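Residue numbers (the working numbering), protein chains in the order written: chain A, 1 to 320; chain B, 1 to 261.
Rather than coming from a laboratory, the hints here were simulated on the basis of the structure. There could be a bad hint or two in this list.
Straight-line C-alpha distance at most 20 angstroms; calculated SDA-like pairs for lysine to any residue [as the list claims (entries may be wrong)]:
no.	chain 1	residue 1	chain 2	residue 2
1	B	113	A	220
2	B	169	A	217
3	B	95	A	203
4	B	95	A	206
5	B	147	A	225
6	B	95	A	199
7	B	169	A	206
8	B	147	A	204
9	B	113	A	206
10	B	95	A	202
11	B	113	A	217
12	B	147	A	315
13	B	95	A	200
Since the structure is predicted, the reported quantities are computational estimates derived from the model, not experimental observations.
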Amino acid sequence: MSTTDVAPDAPPSAPDPWQNSRRRFGDSLFSYLSIGSGLLIFVTLAAVAIFLTSESMPAILASQEFSGTADFSLVDTTLPLVFGTVLAAAIALIIAIPIAVGIALFISHFAPRRLAAGLGYMIDLLAAVPSVVYGLWGGIWLVPKLEPLYVFLNTYLGWIPFFGGDPTAPMRNLASASVVLAVMVLPIITAVSREVFLQTPRLQEEAALALGATRWETIRTVVLPFGRGGVVAASMLGLGRALGETMAVLMILAPGATFSLHILEVGRHQSIAANIASKQAEAAGVDMSLLIFTGLVLFVLTFIINAIARWIVARSGPKA
Amino acid sequence: MAAPQPINVEDLNIYYGDFLAVEGVTVQIRPRSVTALIGPSGCGKSTFLRTLNRMHEVIPGAYAEGKVEIDGQDIYDQRVDPVNVRRRVGMVFQKANPFPTMSIRDNVLAGVKLNNRRISKSAADDLAENALRGANLWNEVKDRLDKPGMGLSGGQQQRLCIARTIAVKPDVVLMDEPCSALDPISTLAIEDLIHELKEEYTIVIVTHNMQQASRVSDRTGFFNIAGTGKPGHLIEIDDTEKMFTNPENSQTEDYISGRFG
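Build out the structure end to end from the sequences listed, making use of the hints.
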């Protein structure tokens, strides 16, 4: 086939009917609006990062690590808080993930349709309860209820480091805070997992069923492998919430600043967010700057965890 | 081994909720032969096929009434576990559906691992090879058994699904338009395979392609509906040659000669 070039014999002044001579107003308005919204994300994020960095500079400069003279150390102040934050969030996830996946599977594959809808609605409602309410509930009602369990764990499983130590009532310990955090992250993990499980291709499930798989075998061979990436992503969303959760931890946990693994002991741990909330009203000068520095650490921590989550999701996606 | 028995279907009514989709099917399906089911879209031939291994009822609200006897056992008897029915009556779907997270080898062995957990590695290897040979796929994949099944071409994927189905050694293999998503060469490969498989298995195949029905089957059944919203009926079933040359029923003749559908 030969290519035929169109000779440019038309007079240049004549409007080319194939070309768009004027910009369409709606198009350009929409494009500016959406670009603007996109940029706003970057601006906000940058503003927060710059604020945290610049405001924490006084503390960084005045610290032992930099000046060599001051009586406080950035590392000694921040690391126990990081430890407490991560430990509380991790325990919350360990409690919440199996339950959330169980509920999600029940809703997506086992429950009768009407029950599933109602249950899904109730799970969403759990997410709407403000954290201060969870704090009240946890601190006043749940903590005394958990006491016998803690005593049991401490007495019979005390050789496991986590359950060791010397727990004393009231059990305003890290374990209680984690249990409440678990309740708080449960809805988000459940909701996302449920959506992913529901998206399992029907054909895949039928393939397993037609081979003589039971319902559980179908879930194990098809639904869980398909949903794995989604469950990881959901868990990371939950982890993000657990790391930053302030009110519930503040209202339940009796604070301390150690690297103790004894989650049943009272007054051993504190989280970054709860620490900031409890101290920021009275702090000033370098103390305030130090609090902001811990905020910066939390900011970076959630960033890193999100990056890891994205990496895991990308890696564990269905292989094409 | 006892002589294989036919599948006896008696007065089978098939429902989706309140909707009667297929009415009053009574038919005997011969063992170790290929039975093709043809008919216009929506006439219930796929629905009927899916009642033969109780896959119909996995759709919410769907159920069937009547009797389907396989090997002398009514599979709709209260005491029968549908899981056990499906282990004896395998199914190949319209679109190839290998398990995406599994290798070729694991795909073939998927059903076996469900049915019989403990299997030695050498036995598993033999089984995978035999099933893949049985599906005429061995030579194409023997060097990449550990690669994902999704990496194969459409026709190869469909043969992988057939290998997966015959690896559990069913008595019956149901095929629901197995070639409708395939090119002519792949279709030919599957049709050749069907010819070989009928030595060992009872095969029921639903197809939209009448040439395919006449090429692969020994018996052909024709389903039809009187109109939208009406239930489908099995109009006629006979030897394929007779169905395509001299059918008893005028509806069959009209359909086969291309006067409608």
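Next pair to validate is residue 95(B) with residue 202(A); report whether the Cα-Cα distance is within 20 angstroms. holds (11 angstroms)
Would the pair residue 169(B) and residue 217(A) pass a check requiring their Cα atoms to be no farther apart than 20 angstroms? With Cα atoms ~19 angstroms apart, residue 169(B) and residue 217(A) stay inside 20 angstroms; holds.
Is residue 95(B) within 20 angstroms of residue 199(A), Cα to Cα? holds (18 angstroms)
Holds or violated: residue 95(B) with residue 200(A), Cα cutoff 20 angstroms? Holds, because 15 angstroms separates the two Cα atoms, which is no more than 20 angstroms.
Keeping to a limit of 20 angstroms between CA atoms, is the pair of residue 95(B) and residue 206(A) held or broken? Distance ~11 angstroms between residue 95(B) and residue 206(A) Cα, so the pair holds.
Taking only the CA atoms, is the gap from residue 95(B) to residue 203(A) under or equal to 20 angstroms? holds (8 angstroms)
Is residue 113(B) close enough to residue 206(A), meaning Cα to Cα at most 20 angstroms? OK: residue 113(B) and residue 206(A) at ~17 angstroms, within 20 angstroms.
For the pair supplied as a hint, residue 147(B) and residue 315(A), confirm whether the alpha-carbon distance does not exceed 20 angstroms. holds (17 angstroms)
Hint consistency between residue 169(B) and residue 206(A) [alpha-carbon to alpha-carbon, up to 20 angstroms]: Distance of about 18 angstroms is within 20 angstroms: holds.
20 angstroms limit on alpha-carbon distance, applied to hinted pair residue 147(B) and residue 204(A): holds (19 angstroms)
Between residue 113(B) and residue 217(A), is the straight-line Cα distance small enough, at 20 angstroms or below? holds (10 angstroms)
Is it true that the CA of residue 147(B) sits at most 20 angstroms from the CA of residue 225(A)? Cα-Cα ~17 angstroms, so holds.
Against the hints set out earlier in the document, no violation occurs for any number.
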